[in-house]
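Colleague: Take a look at the letters that make up each chain.
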Amino acid sequence: MTQRRSYQVGTGLFILLGFAALAYLATQTTSIANFSQGDSYVLKARFTNIGQLKLRAPVKVAGVRIGSVESIVLEPDKLDALVRVSVDKRYKDLPDDSSAAIFTSGLLGDQYVGIQPGGSPDMFKEGDEFVLTQSSMQLEDLIGKFMVNGAPPKPANAQPAPDAATVKPADAVPGDTPTPKH
Amino acid sequence: MIGDALAQIGACGLFLLAVLAAIPKSLRHYRETLRQIWFVGAMSLVIIMTCGLFVGMVLGLQLYYVLSIFGGTAALGTVVALSLFRELGPVVTALLFAGRAGTSITAEIGLMRATDQLSAMEMMAVDPLAYVAAPRFIAGIIAMPLLACVFNALGILGAHLVGVTWLGLDNGTFWSNMTSSVDVWKDVVNGVWKSVAFGAVVSLIAVFQGYTTPPTSEGVAYATTRTVVFSSIVVLALDFVMTAFLM
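In order, the protein sequences belong to chains A and B.
Per the working numbering, residue 1 is the first one in the first sequence, and the count goes up by one each step.
Per the working numbering, residue 183 is the first one in the second sequence, and the count goes up by one each step.
No lab work stands behind these hints: they were computed from the structure.
Remember, it's a predicted structure, so these values are computed and weren't measured experimentally.
Any given hint could be a false lead.
[As the list claims (entries may be wrong)] Within a straight-line C-alpha distance of at most 30 Å, the following computed BS3-like cross-link-like pairs (lysine-lysine) qualify:
1. LYS368(B) - LYS44(A)
2. LYS54(A) - LYS368(B)
3. LYS44(A) - LYS54(A)
4. LYS60(A) - LYS145(A)
5. LYS60(A) - LYS368(B)
6. LYS89(A) - LYS60(A)
7. LYS78(A) - LYS125(A)
8. LYS125(A) - LYS60(A)
9. LYS44(A) - LYS60(A)
Extracted from the complex, chain B is given alone in its bound form:
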């Protein structure tokens, strides 16, 4: 059991090296990378924007209630911005990304494996690592931080909507407290680095699970499930480690 898990982790690490080695060759297929950015990034925009707006609104509502106990509702903008930029933006976006894009990557590559398309590519002297795996991996790394930024921006607007428009907080207080306490490098850019790392981890797991799936319909189903489960666990664990180091 433990041996199996170790073997999986080891295989995943070796797979990462193989994908990294295939990246120079995959630059010839930049159109495929572009198409994958469209597929995992632009197509995820709707769910990311909707969830960002609602997460921001909930944060505004909850924190307004908590802060009003201490008479500190003026700090609402600051608290919402810091919790979104530093934690919720990258983490929730990564979890949504695993569910929306990671699963479809695994299912697509898994079906390619089950229907022997990957073997066919090898027969045609097309390296499937460079043509299938690497473009999806790169697309995940590029798309995740952009999605997290969109999520954060919508979250701030959602909190503004609840705090200022509905609950009557002063508009100037909301923004000026936020702008005086949020730092570009320590807060915004830290969050971007986190989302780059999460994008790499989620797309690596998704591509690996699809690439190594047993070539049966049941195998594809399990692989898709494992993508979501493993991605979620690794993202949350990595979040703790990165927070401890980036603080």
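Just chain A, with the same shape it has in the complex:
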């Protein structure tokens, strides 16, 4: 009898351990871990190009996660992407002239929405829209611009031509500063 009880207890422990491992995998290593717990409010931002931005991508200020991307839709009349981000209620003091930009974390990392705080005394309210946005940087565009503007064709018998280093950075990387919309 005691032997039967011991293996029954052991089997129960084994099944519990298995389900605990499944729960750990499902909640700690997947996107479920990123669902914010508390209340949140929604802000809107328009981008001309969102790149590879995905739903539930992080929203960060100074590199700290404060929320996530809730929806991405194409605005039919303006043909730009309307991104709704939900921000944790704890971070309700965002100046309403803050700008939103789409960045890539690392070389192979995912894209996220980075918010640059502004200096306005007024704060964002539920449903407000970012006035200043900067679209995702397209590596192909940069390379294309660089090929066209950055390296002019050399004359056949000239000295070493001015190369990319002498080109003004502003030419090579357009759209580096946030551009106002509307």
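Since the structure of chain A is provided, determine the placement of chain B on it from the hints.
Modeller: Frame of chain A; chain B shown alone:
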């Protein structure tokens, strides 16, 4: 030769139907099923946990080296988690399960066959399919996904140990890249479905080989070997098919 192989496959399919038909009757012997879960599942925990830890550590080390060539070590957590959940967890667990539990199921039933215990049960009006075969089959289906989950969890911890503790990767980067790219349904649950299928296949082959073994000591030895060989081949082939469909 080919006729023999076809006959084996056909017999195995018919055996599967017989076992499935015997499952309702085997519910009366739920204690036996419980004992088999203990035997094939809980007793396999040590080997599964050790192997999971080391597979995770090796993945961490190898992928760190490969990713550092491209300057992408930040993606280590993501790559380790995806390769474990989608492929290595279910497949390696199934291969270990075939070696640890499948062989002992075959040897046990084979010896029952060789010593006429199965015939004795029939004489006592106890259906050996319901009392011997079905509980082991069900136990394999239940135990495999649980073992695969434990394997995955230990693998992640092993990769964390190597990547973060030894190689100095940032802890937050490791976890946040993993959590932002791994999906519950597409990655974790897909892996669980795979391991359910592998558990069914391995325990079916093990029970079938034991049940149909020639009643000699040599026959039991061959049957045990065939369990490991056939299970490994079928698991790897089925893995390809399931990956193609579940992608």
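Colleague: If any of the earlier hints don't hold here, list their numbers in rising order.
Modeller: none
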